[in-house]
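Respectively, the protein sequence lines represent chains X and C. To convert, note that position 58 of the first sequence is 58 in this note's numbering; the numbers rise steadily by one, no gaps. To convert, note that position 33 of the second sequence is 33 in this note's numbering; the numbers rise steadily by one, no gaps.
Because the hints were derived from the structure by calculation, they are not lab data. Be careful, since some hints might not be right.
Stated by the list, open to error - Simulated crosslink set (DSS-like; lysine-lysine; CA at most 25 Å straight-line):
(1) K41/X with K69/C
(2) K49/C with K42/X
(3) K105/C with K41/X
(4) K105/C with K42/X
(5) K22/C with K105/C
(6) K77/C with K41/X
(7) K42/X with K22/C
(8) K22/C with K58/C
(9) K41/X with K49/C
(10) K69/C with K105/C
(11) K49/C with K69/C
(12) K42/X with K77/C
(13) K49/C with K105/C
This one's a predicted model, so the numbers in the text were calculated from it and none came from an experiment.
Listed here are the chains, written in short residue letters.
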Amino acid sequence: GAVVSQHPSRVICKSGTSVKIECRSLDFQATTMFWYRQFPKKSLMLMATSNEGSKATYEQGVEKDKFLINHASLTLSTLTVTSAHPEDSSFYICSASFGQGGGYTFGSGTRLTVV
Amino acid sequence: AQSVAQPEDQVNVAEGNPLTVKCTYSVSGNPYLFWYVQYPNRGLQFLLKYITGDNLVKGSYGFEAEFNKSQTSFHLKKPSALVSDSALYFCAVRDQAGTALIFGKGTTLSVSS
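Given the sequences, and given the hints that come with them, work out the whole structure.
So, in structure tokens, the structure goes:
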């Protein structure tokens, strides 16, 4: 139980274009989802917290207009990287909390390469 | 503010030997502590967590961790390492229900045969 499906797993895009990454909770309702960015062999940096039906809360230093987060339903959160640049190339991972026991589940990640 | 420290970038151990991956934390309230493992280009796999109760937590794949409040530590251990345990390990903490996990920088575990 508590599975999060993240798509696509890999994407290559041209500079200046936008890319959307989807994160779906398959067997539970995810009121809150989290988006992380991971650089090679580095830790996961929290980018933002998205709550269903409201605006996302971004961490300091994360550009809201570049990384658009939408959480329109209890099972879907999306991250759109707008006007992508090569420095946006990274591994993006979504996560959701579930249950009363303080569990977290993670998507399998999206490798974004901007050329 | 909550934070997690993993003092070792890499831990090397021979197969069959015990392993320890260190983690210390800092939170303002009661800590909720987690260990995850990551294989290349993959998401995170849950190993174990401490919320409350026994200080020794047993998790997946033979791993365990001991919560030490006085030393603010939550070291990951395994009695006998396997080559397949080689991966990137993350310690994480949160201090309030529903908030995001904050991760340490990660420790690469390398188990040699």
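Going down the list of hints, with the structure as the test:
| no. | hint | verdict |
| --- | --- | --- |
| 1 | K41/X with K69/C | violated (29 Å) |
| 2 | K49/C with K42/X | holds (21 Å) |
| 3 | K105/C with K41/X | holds (9 Å) |
| 4 | K105/C with K42/X | holds (6 Å) |
| 5 | K22/C with K105/C | holds (12 Å) |
| 6 | K77/C with K41/X | holds (21 Å) |
| 7 | K42/X with K22/C | holds (17 Å) |
| 8 | K22/C with K58/C | holds (16 Å) |
| 9 | K41/X with K49/C | holds (23 Å) |
| 10 | K69/C with K105/C | holds (21 Å) |
| 11 | K49/C with K69/C | holds (15 Å) |
| 12 | K42/X with K77/C | holds (22 Å) |
| 13 | K49/C with K105/C | holds (18 Å) |
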